[in-house]
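Residue numbers (my numbering), protein chains in the order written: chain A, 1 to 237; chain B, 1 to 237; chain C, 1 to 209; chain D, 1 to 209.
No lab work stands behind these hints, which were simulated from the structure alone.
For each residue, glycine too, the CB sits at the ideal point set by N, CA and C.
Wrong hints could be hidden among the right ones.
To be verified - Away from chain B, derived, C-beta distances all over 10 Å, residues of chain A: (1) Glu-95; (2) Val-118; (3) Lys-138; (4) His-140; (5) Ala-151; (6) Glu-153; (7) Val-171; (8) Tyr-172; (9) Gly-201; (10) Asp-204; (11) Pro-205.
As the list claims (entries may be wrong) - Across the chosen pairs, the derived CB separations fall in these ranges: (12) Glu-43(B) to Asn-40(C): 41 to 47 Å; (13) Met-121(C) to Lys-138(B): 54 to 60 Å; (14) Lys-120(D) to Glu-43(B): 46 to 52 Å; (15) Asn-223(B) to Asn-40(C): 28 to 34 Å.
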Amino acid sequence: MVDKSVLNAFEAIRGVSSGMTIAVGGFGLCGIPENLIAALIAENLKELTCISNNAGVDDFGLGLLLGRKQIKKMIASYVGENAEFERQMLSGELEVELVPQGTLATRLMAGGYGLPVVYTPAGVGTEVAEGKEVRTFKFHGVEKEYLMEYAFEPDFALVKAWKGDRMGNLVYRGTAQNFNHAMAMCGKVTIAEVEELVEPGVLDPNFIHTPGIYVHRIFQGENYEKRIEQRTFRSKD
Amino acid sequence: MVDKSVLNAFEAIRGVSSGMTIAVGGFGLCGIPENLIAALIAENLKELTCISNNAGVDDFGLGLLLGRKQIKKMIASYVGENAEFERQMLSGELEVELVPQGTLATRLMAGGYGLPVVYTPAGVGTEVAEGKEVRTFKFHGVEKEYLMEYAFEPDFALVKAWKGDRMGNLVYRGTAQNFNHAMAMCGKVTIAEVEELVEPGVLDPNFIHTPGIYVHRIFQGENYEKRIEQRTFRSKD
Amino acid sequence: MLDKYGIAKRIAAEIQDGYYVNLGIGIPTLVANYISDDINVVLQSENGLLGMGPFPYEGDEDADYINAGKQTITTLPGSVFFDSAMSFGMIRSRKIDLTILGAMEVSEQGDIANWKIPGKMVKGMGGAMDLVASAANIIVAMQHVNKAGESKLLSACTLPLTGTKCVKKIVTELGVFDVLPHGGFKIVELHAGVTLDQVRRSTKGKLVE
Amino acid sequence: MLDKYGIAKRIAAEIQDGYYVNLGIGIPTLVANYISDDINVVLQSENGLLGMGPFPYEGDEDADYINAGKQTITTLPGSVFFDSAMSFGMIRSRKIDLTILGAMEVSEQGDIANWKIPGKMVKGMGGAMDLVASAANIIVAMQHVNKAGESKLLSACTLPLTGTKCVKKIVTELGVFDVLPHGGFKIVELHAGVTLDQVRRSTKGKLVE
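Just chain A, with the same shape it has in the complex (with noise of 0.2 Å):
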């Protein structure tokens, strides 16, 4: 067996160091590396460049991070849902790329699928596109317009999964897949955490969401909090 496994989320970040670029899973609060950014943390890198669709609460997820300046930049499709980051980034502090949801998740796909740039209409037209190569295309029978996007290649990638084995296969549950599967398969060195850990050979091979080629690192968190960033429900009667 190919072992990937370390003993936890110390072990799992060596090589992470201040000035890096870093992609972190998650969506809002959902499917987050609780862990590892806990590990971030304590090891008080510096500098970090985040790749993460979301920027976290005010004392939750990569709100931490910015409650610590240890985030220089952010690329992100919607932040802004804790007030530090809104002043860091009204001061200059912060610096933030805002890219379009989908374009973000096709560019970390892209990285993990071997593709150097994908073309994407998203944006064009906007101030998204400055900068950019627009190129026309006739696809599903119409000629439009498309923006050439770049493929993300992070250091690392720091990623959440429900259960995985030591080889490095990941299986993620509900929607806290989200981003983390198209960051595993785009990091230079890719870091899964996982809710349980498992032995080769307990995940079925027909339902792996990513393969352990992506993953070079694998643990089991613990003490995970799973917080819900907005709590809605209906009442039973």
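Since the structure of chain A is already known, use the hints to place chains B, C and D on it.
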């Protein structure tokens, strides 16, 4: 429930007509849509352009269509496991476009992901590159040439899955997944035959390979032969 | 004149049997409550779900089951989870029949602005730019005028654009308007109690009566 | 001098612990039999499998479990199935540590020709062009000369190319040769009983001794 189930292969191929471009799933004889191929024969559709990794063998798979001269053009990566194919190709009756296997798969995927073109290094410096745009990108730390390849948009995609539900959600088994998933995603109309058709809710929503949104018609096939092309085994001693 | 529930209800009438629909945040979310029981519709949530069900019962909320608005939700028989890349893959490949979203401004050419107000905190475009650039059919749900009383149906948007020439229909508290292929807001219907004059006064872009 | 089993065995010695390896048809397939038990290796089959196991026991053959050579195979603990697009996605993104394949000709620049002989029936390139264009490390397993006795290690390939400047190492019945970054076949070792002279006579491209 958005019910996409139809009774059988004949009902499923309504609208497929002579001269159309169809993508046909499978790798070798593994995972081919046996019932749909039989229906194309029974309906005697002609002048078909078939996108398929292979062309079957003389008496099975797409070889059956070739034998009846129903195919005008094959777009494939590896062919010629059957004598009739060779005869038709050498005599000029059959047009053949050979495409690297990964390019084939990726062009199909591109159709389903709404990407008008993809850039791949496969075929750079070979005759596959003739007439194609070549462009240099720096990726994975290396400057390299890539070919621009167009997404496939077949009129119909004919795929075979292991299980599926009436809403069109598909699950494949083993290596019978192969090209079926990418083809299912890119068909203008996608028809899926499955070994077992179930009610929505039976398949685990976490482990669907092809979401039903990509599938337009689905039916339970019958009398699967599932022929083995190269039966290799070891003895039990 | 309609309130936001009325707008949502009116838009729900545009949804046809078999549609895959993406609902934005705000009024569009309310549309789900008015979809007829006689038709079958699948709701997509772009964070990775087809077949979004109602909110869970109190106590059943699951952090792993959320929608694009980060609200806890449930699944339905036939639901599917997938990753963000595939989610926007199906959006780009035009598998979503109808996208319903809010807007700050719409131009008579169908341009839409709904993500950024210069000088104000910018939260980001989320998935809106992808959705408007790709959707085959887009309906905008919004108030006809902004809080300052200015028309949101304009000749040209003044705010940074989210997408161009993409909006097909607008439903406001005053009426239903088609954006014509060559420009202009065609009055499809006025809601009960709304006068043509009221619409004229509230519409700055070209009105086709 | 080595037979095809010897060539396969020699190549197996190049495989390191933790490698993901893609084995082509022919001699490369045999390599699997000689991988040391002391190392852990994952074999990829480009039709959609990581973790290819041995042939099934007689009677256990399953039509849904085949390798890229269309042979019936088995899985191992930790195996994964996936679709063709992802399979070549991982190939293009250089996740495969080593690709081993056969060739008709290799040039001193590392160009490879292995799919087409003009005037003969062309079966197609299959996945070979994708593999050679993307692999970080490619070893070619082949006979040093063809059936007509002509060298297959050339200054420039005469047959239609499969890929350019990609082959890193060649193992033939005569020896092991590195393709140097600036061109030339560097003799790494001669197999037992092989003379330098024999290699010189059989090599048409630039030999670096």
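Was His-140(A) rightly flagged as not at the interface, with every chain B Cβ beyond 10 Å? Since the minimum Cβ distance to chain B is about 7 Å, His-140(A) lies within 10 Å and the statement is violated.
Confirm or reject the statement that Tyr-172(A) sits farther than 10 Å, beta carbon to beta carbon, from all of chain B. 7 Å, violated
Distance restraint hint 46 to 52 Å, applied to the beta-carbon atoms of Lys-120(D) and Glu-43(B): The hinted range 46 to 52 Å is violated for Lys-120(D) and Glu-43(B), with Cβ atoms some 36 Å apart.
Is the claim that Glu-95(A) lies outside the interface with chain B correct, judged by CB distances over 10 Å? 23 Å, holds
Can the suggested window of 41 to 47 Å be confirmed for the beta-carbon pair Glu-43(B) and Asn-40(C)? 30 Å, violated
Assertion that Pro-205(A) lies outside the chain B interface [Cβ separation over 10 Å]: 8 Å, violated
Checking the smallest CB distance to chain B, is Lys-138(A) really beyond 10 Å? With a cut-off of 10 Å, Lys-138(A) comes too close to chain B, as the shortest Cβ separation is near 8 Å.
Confirm or reject: Val-171(A) is not an interface residue toward chain B, with every Cβ-Cβ distance exceeding 10 Å. For Val-171(A), whose nearest Cβ neighbour in chain B is about 7 Å away, the distance does not exceed 10 Å, so it is violated.
Does Glu-153(A) clear chain B by more than 10 Å, comparing its Cβ with all Cβ atoms of that chain? Violated, since 7 Å does not exceed 10 Å.
Cβ distance range 54 to 60 Å for Met-121(C) and Lys-138(B), holds or violated: 35 Å, violated
Within 28 to 34 Å: is that where the Cβ-Cβ distance between Asn-223(B) and Asn-40(C) falls? For Asn-223(B) and Asn-40(C) the Cβ distance comes to about 32 Å; the hint holds.
Least C-beta distance from Val-118(A) to chain B larger than 10 Å: Answer for Val-118(A): violated, closest chain B Cβ roughly 6 Å.
In terms of the numbered hints stated before, the structure departs from hints 2, 3, 4, 5, 6, 7, 8, 10, 11, 12, 13, 14, listed from lowest to highest.
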